[in-house]
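Student: Since the structure of chain C is already known, use the hints to place chain S on it.
Sequences listed follow chains C and S, in order.
Residues in the first sequence are numbered from 1 upward in steps of one, following full-length UniProt numbering.
Residues in the second sequence are numbered from 1 upward in steps of one, following full-length UniProt numbering.
Bear in mind the hints are in silico, worked out from the structure with no lab data behind them.
Please read all numbers here as calculations on a predicted model, not as lab measurements.
Keep in mind that a hint or two might mislead.
Here are the simulated DSS-like pairs of lysine-lysine, each with C-alpha atoms no more than 27 Å apart in a straight line [to be verified]:
no.: 1; chain 1: S; residue 1: K429; chain 2: C; residue 2: K96
no.: 2; chain 1: S; residue 1: K84; chain 2: C; residue 2: K96
no.: 3; chain 1: S; residue 1: K419; chain 2: S; residue 2: K429
no.: 4; chain 1: S; residue 1: K125; chain 2: C; residue 2: K69
no.: 5; chain 1: S; residue 1: K84; chain 2: C; residue 2: K69
no.: 6; chain 1: S; residue 1: K275; chain 2: S; residue 2: K245
Example chain C residues on the side facing chain S (calculated, C-beta under 7 Å, incomplete) [to be verified]:
no.: 7; residue: I73
no.: 8; residue: N154
no.: 9; residue: A157
no.: 10; residue: Q265
no.: 11; residue: Q289
Cβ atoms here follow ideal geometry from the backbone N, Cα and C, with glycine treated the same way.
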Amino acid sequence: MATTTKSRKNGTTPASAEARTPRRVGFSQKLGNWDVKVAPYLYISPFFILFLITGLFPLFYTAFVSVHKWDIILGQGDFVGFENFAFVLQNPDFWKALRNTFSIFLLSSVPQVIMAITIAAVLDQNIRAKTFWRMGVLLPYVVTPVAVALIFSNLFADQSGIINDWLGAIGIDPVRWHADVIPSHMAIATMVNFRWTGYNTLIFLAAMQAVPRDLYEAAVIDGAGKFRSFFSITVPQLRPTIIFVVITSTIGGLQIFDEPRLFDQQGTGGSDGQWQTMTMYLYQLGWNQSNFGRASAVAWLLFLLILVIGLINFAITRRIATSGGKR
Amino acid sequence: MQSSTRRTRKGLMATAGIATLALTLAACGSSADGDASSTDGGDSGSSDEPVTLTISTFNEFGYDDGLLDEYMELNPNVTVEHTKADTSQAAGDALRNALGAGSGGSDVAAIEGDQFALFMQYADKFADLSDPELADRWLSWKTDQATTPDGKLIGYGTDIGPEGICFRSDLLEEAGLPSDREGVAEWMGDTWEDYFKAGEEYTEKTGKPFYDSAGAIRQGMINQMENAYEEDDGTIIATENPELKEMYDTLLEESDKGLSAGLSQWSQDWNEAFKTGGFATTLCPGWMLGIVEGNAPDVTTWDITNSFPGGGGNWGGSFLTVPAHGEHVEEAKALANWLTAPEQQIKAFESKGTFPSQVEALSDPAITDAVNPYFNDAPIGQILADRADAVTVSPFKGPNYQAINDFMADALGRVDVDKVDDAESSWTKFVNDVNGLG
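With the rest of the complex left out, here is chain S:
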């Protein structure tokens, strides 16, 4: 008797438990249904099937300040879900996994410029986005990067990274050097030699480092080389390219002279140094402005020149792609198309400072008249537009670009940042690393 009551009680409890669970599940289900039906109700007249699109980006694309909401309002049958990765690498890894599996991932996937070449070799895994109407939307070199030899376009350009040079005017002033925008631009000159010479002058006078790291300057120099690591047919030439070796040697010589602060980019120490004056200058693509400001919100002396050594330079900038295996390729294309239209990219620029790659946007007053109060009221729109104009080289970035570029960063870092190796032996390791790619 005793045991039987206990059993019933247990049974009761189990039933109650299951019932609760079922209720909860039912509640979840009904609420989801409710949402769906409410969206249905929202679209008055349109008989389009409700579609949920996913879009994945990284860092800051400036889409969160209402752009995606606006799209959903314009297309009531579409729900857009936004996933943000913390780094472009993480976003790239996720996309690669999805492409490899042939399923999953996002309907619209953002890819960073340097990684893009890697995905170009899987062009048939992406939907062809080419559209005669859009032929002139982007700067031609931007479109070229995303066009396959047989004319397929696999990515719509979002932003670009035209570079100026950010400098701390107070540090230069203390050293008795020019500290206003034009004066600094003139003093730093137009070539890398001039820039390094200016740096030597600063370092001699103050005993302090001029720029953050050899690795950072490399990004500027590499992006001005037509074929830094690979021939146009993809043959790897990194180990015997004299231009590259010269850059490597120059950078490490300058580090020896104390120009480099030896701070690895994105490290905690690097972040701090923006505040503490650990270095006087750094290369500044458009998207870097927000990072400088974020790292040193209380410093009032950061400024940006309308000049760049060795001609213009582009560092970074991204694309939106549509993986071909997605379920809603057409709808995804439409979303990518809309997001990369000049009007929308201007809004993204206003939100996060990502500089548009659209020709029309570049002459829009919203861009040309843009002023950045943090950078001593720099006419940032005009500066970046001029910097974009100055870009003449469209570097070839093949499938191995990113891997080799990472090896190069390590090679410089071993000597410049970690100081655990000398230039020669570090180069040997670089050669081994590159030869190991297979």
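In isolation and in its complexed conformation, chain C is listed as follows:
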């Protein structure tokens, strides 16, 4: 720290003085210069070194694996170029998995964000036992996903499930949760929502409490009702938070694994791949069929997909940010 201050002092000597008497730069001063230039990078380097080891290296290694025949135990086989990618892209299972992933993602994320904002708005009011309610919504998040999946897959059992019992009581034919595509997605999305709605609610709640109260006061004076001020003040003020939640749930949603895997006992996503997601397909190739080459190809395709969606998110974010700035 001491050297930094010294170097700063030296740095502030007028340039004209240097031009007058060019003198030899001492080692300690050089050290000081390095300190200023290099130290900040050193300070942040642990993250990047860790990222290099745990993030970047596996990424490129996966790319290396994906162009080889690769058995999980025997390891590297022949170089096959893009054969693995070609196989995966031509396989209907891959496209089915892609469809399922998006469908489950949409069925979970959209209602989740809407519900979370609504619940947060209610919790933001002056209600009794605030802390109790606020902690209450987080409770499902504490339950492990495995337990959630086990409970819900029983609730959603096709014949003996309680959900179908209830539907039957109000005169609706039993839904074939484990056989049909959309019902299975809805059931899985319910598990995801059960787990994540409370978490997002708390994030929204925190953001809502940061909204300046005088905006609401002004709105009340202007004669705005509760709903009007919710849509005209709360929601616009929450925009950055909404973007954050959407991005995190996108990344999580595209990698969804636990819930669909535990939706039935076999864990392969249904006999016809009704609810097999991308990560489950990857797992099936890599672990059930010992084919790491193909699994790595899927991993890379998934990575590219998330990248593309991330870029779209980024573009939208920028647009919203600039439009927010103009206001």
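Tutor: Just chain S, lined up with the frame of chain C:
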């Protein structure tokens, strides 16, 4: 002044915190030491190094009822730690990861019979367990499954899954059909044709399904085929094997006639149906008995025949292996050897009903006289021993067996369980899936 006191206070707190942490850690450390030294103290006279062995199994092997404790008492220098996976697949995945990494995993790893072929191709990753003294311990077909072409034995057999047929006597009685053990066996006959014919009779009379699913019956039929999916050299023939296609067509025809309840095995609905009478019969390997009882503890009418269509059949049964990369291969071998000795497997049978694969155990009174009160006092030991004797075919299960078998389960499930496809198009998907294996 103000700020400096605050700093000291903070410093104090930090010191206190670190001290607490250090104390806790020290406590942990010392307690671990204490344990180790107490085990040291326990072995009087023996100068052997203390060894901690890990063993991984799945479902129920019957080792928890004191067997492992007994081993530790006999070998005071050995501590055995037991990890249980919930399914054989999970156990297999974990083992594969360990073998791939060349480290980690357990010293003794259990592998399920159907998965075993997959691991046979990595035989050099396992310790050679062959021992002339043990040559005749197991049924020969059990040992054959774990022996490589060059004579290396990589697994000690634990249990086998000889199959009888479990039936609900009250349901058959209501339909005016034979309902006692012998009568039912006779009525169901000795071939699959007879079994299906009996099923058609039951379904016609009652309008109710006869068995749980086409996929379940497939397990019985596949295990009677010498080469269902692969030739002995591993060439995949699943897509053009007429025997397999015939089985597929037959099963789905019978489903069409309403014999199958269309309940996917292990699903919640399947579990429930044992209670509610969703089907009248199901294939019952030894290890299934505990599952039937667990699913329908209050039903008193489940029973088991001493017969099986198409000759005997074996479904499942496991092995204990010793991965070669382990640190204590010799000690692990000794443990696997001891656990799979007839005496110990008999105790496992008494605990969880896993039927021993050891020749000597099969004639032991503890097995032959065993009676299962839940199954209407069935002489279960005798029945399963007879069923094991009836097994004549040792199906070839190559490295792709499990993957193809899963595809077959899906192919039948699409039509029989989910009803989202017809037989022909589902078969096409099966062919595509199999061709995709590479």
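Student: Now, for every hint given, state plainly whether the structure supports it.
Tutor: Going down the list of hints, with the structure as the test:
no. : hint            : result
1   : K429/S x K96/C  : holds (13 Å)
2   : K84/S x K96/C   : violated (34 Å)
3   : K419/S x K429/S : holds (15 Å)
4   : K125/S x K69/C  : holds (20 Å)
5   : K84/S x K69/C   : violated (32 Å)
6   : K275/S x K245/S : violated (33 Å)
7   : I73             : holds (5 Å)
8   : N154            : holds (5 Å)
9   : A157            : holds (4 Å)
10  : Q265            : holds (4 Å)
11  : Q289            : holds (5 Å)
The structure shown violates the earlier hints numbered 2, 5, 6.
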